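Asker: What follows is the residue order along each chain.
There are 2 protein chains.
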Amino acid sequence: METPKQNFLDTCLFFNTNVFSRQLLKLAEAQFSPLKLSPAHASLLLLVFDAPGIGPKELSRLLQLTPSTITRFIDSLVKNKLVRRKSQGKSVCVFPTEKSKDMQSSIALAYKNLYLRYSKVLGATNAMDLSNRIALANEQVMKALKDQEYDETLF
Amino acid sequence: METPKQNFLDTCLFFNTNVFSRQLLKLAEAQFSPLKLSPAHASLLLLVFDAPGIGPKELSRLLQLTPSTITRFIDSLVKNKLVRRKSQGKSVCVFPTEKSKDMQSSIALAYKNLYLRYSKVLGATNAMDLSNRIALANEQVMKALKDQEYDETLF
DNA sequence: AAATAATATTTGTATGTACAACACAAGACA
DNA sequence: TGTCTTGTGTTGTACATACAAATATTATTT
Numbered sequence: 013m014e015t016p017k018q019n020f021l022d023t024c025l026f027f028n029t030n031v032f033s034r035q036l037l038k039l040a041e042a043q044f045s046p047l048k049l050s051p052a053h054a055s056l057l058l059l060v061f062d063a064p065g066i067g068p069k070e071l072s073r074l075l076q077l078t079p080s081t082i083t084r085f086i087d088s089l090v091k092n093k094l095v096r097r098k099s100q101g102k103s104v105c106v107f108p109t110e111k112s113k114d115m116q117s118s119i120a121l122a123y124k125n126l127y128l129r130y131s132k133v134l135g136a137t138n139a140m141d142l143s144n145r146i147a148l149a150n151e152q153v154m155k156a157l158k159d160q161e162y163d164e165t166l167f
Numbered sequence: 013m014e015t016p017k018q019n020f021l022d023t024c025l026f027f028n029t030n031v032f033s034r035q036l037l038k039l040a041e042a043q044f045s046p047l048k049l050s051p052a053h054a055s056l057l058l059l060v061f062d063a064p065g066i067g068p069k070e071l072s073r074l075l076q077l078t079p080s081t082i083t084r085f086i087d088s089l090v091k092n093k094l095v096r097r098k099s100q101g102k103s104v105c106v107f108p109t110e111k112s113k114d115m116q117s118s119i120a121l122a123y124k125n126l127y128l129r130y131s132k133v134l135g136a137t138n139a140m141d142l143s144n145r146i147a148l149a150n151e152q153v154m155k156a157l158k159d160q161e162y163d164e165t166l167f
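Here the protein sequences come in this chain order: A and B. The numbering used here puts the first residue of the first sequence at 13, with every later residue one more than the last. The numbering used here puts the first residue of the second sequence at 13, with every later residue one more than the last.
Because the hints were derived from the structure by calculation, they are not lab data. Incorrect hints may have been included.
Because identical chains share one entry, a pair is satisfied inside a single copy or across any pair of copies.
[Said to hold, decoys possible] DSS-like mimics (lysine-lysine), calculated; alpha carbons at most 30 Å apart, straight line:
1. 113 / 158
2. 132 / 91
3. 93 / 158
4. 93 / 132
5. 155 / 111
6. 158 / 91
7. 98 / 132
8. 48 / 124
9. 38 / 69
10. 91 / 124
11. 158 / 132
12. 155 / 91
13. 132 / 155
14. 38 / 98
15. 158 / 98
16. 155 / 113
17. 38 / 155
18. 124 / 113
19. 111 / 158
20. 102 / 132
21. 98 / 155
22. 93 / 155
23. 158 / 124
24. 102 / 124
Model, not experiment: these values are computed from the prediction.
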């Protein structure tokens, strides 16, 4: 019988956020796995449906992932015939395929079900509010990181 | 100048949490990198200082990482001579080394600085409150996931 | 005591993600 | 015109993390 001992981790925002993020990932994977898509790939696809011809740079901005990660995701989606790449000079356009268009509504549904799932668990307004607070905190941290980068460049 | 278009991601708790977690990771890495430690390794070390002889199972519980991940972390720390493994029958005890004991206070300091850093960015009470809410939400999600697992086993 | 079950840890393997280095196209400018 | 610079994408490589299977050790049952 271990007493669930308190320690420095329990009050650490960094730690708690990480753990929470991994738990939510599991929840999300449960929704998307029947489609044989990871949540990240599914999100990318939805953005492509929304703006056919969208490029890696914009995807990177929207998903807040590095360009190299986006390249890897597109590689994998191309291999699974879910998107098509079209090179336009130095830039690249990404389009959905027939196959992925057929899945569009089920992907959107899975996303909605994910939303319903955690809204049920956390309470809808609570979940929404938490999401907003996290998004806000994220902006503040991003700003701080950018400023720090700038400072380092100076000296 | 792109208008930062709204989309389904902006209100998604899962997405926002993921992104926030990655940003905080960067903040944490900035604190720990002078010690040539990743934040996760540093956390594990602190737990080992706190309870020399602690085993993988308990570390797994406290850090909320799978046992296999813990094994990999310990492998890496052993390679860097920061902990020692001692096998006791079917279980394993992990001890700090002289080398890591020498680093103990700087590791603790880095952790504290991380805390100060994001407290400054987010406001101390806000950060604390956010951390608590996330921890709470995490418990609720974990419970939901466990119940789901149970349901699946039934059918 | 042999057989079996339960527990703890490790290994093989796969995915997500990042960083640094590279390639290449497009403009700028001499 | 030819070179420099900048913008955009991709590749090589590395790390964190997980799952499922293998292994080893202890506990339980027959």
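Asker: Against which earlier hints does the structure fall short, listed by number upward?
Answerer: Hint check: 1, 2, 3, 4, 5, 6, 7, 12, 14, 15, 16, 19, 20, 21, 22, 24 fail, others pass.
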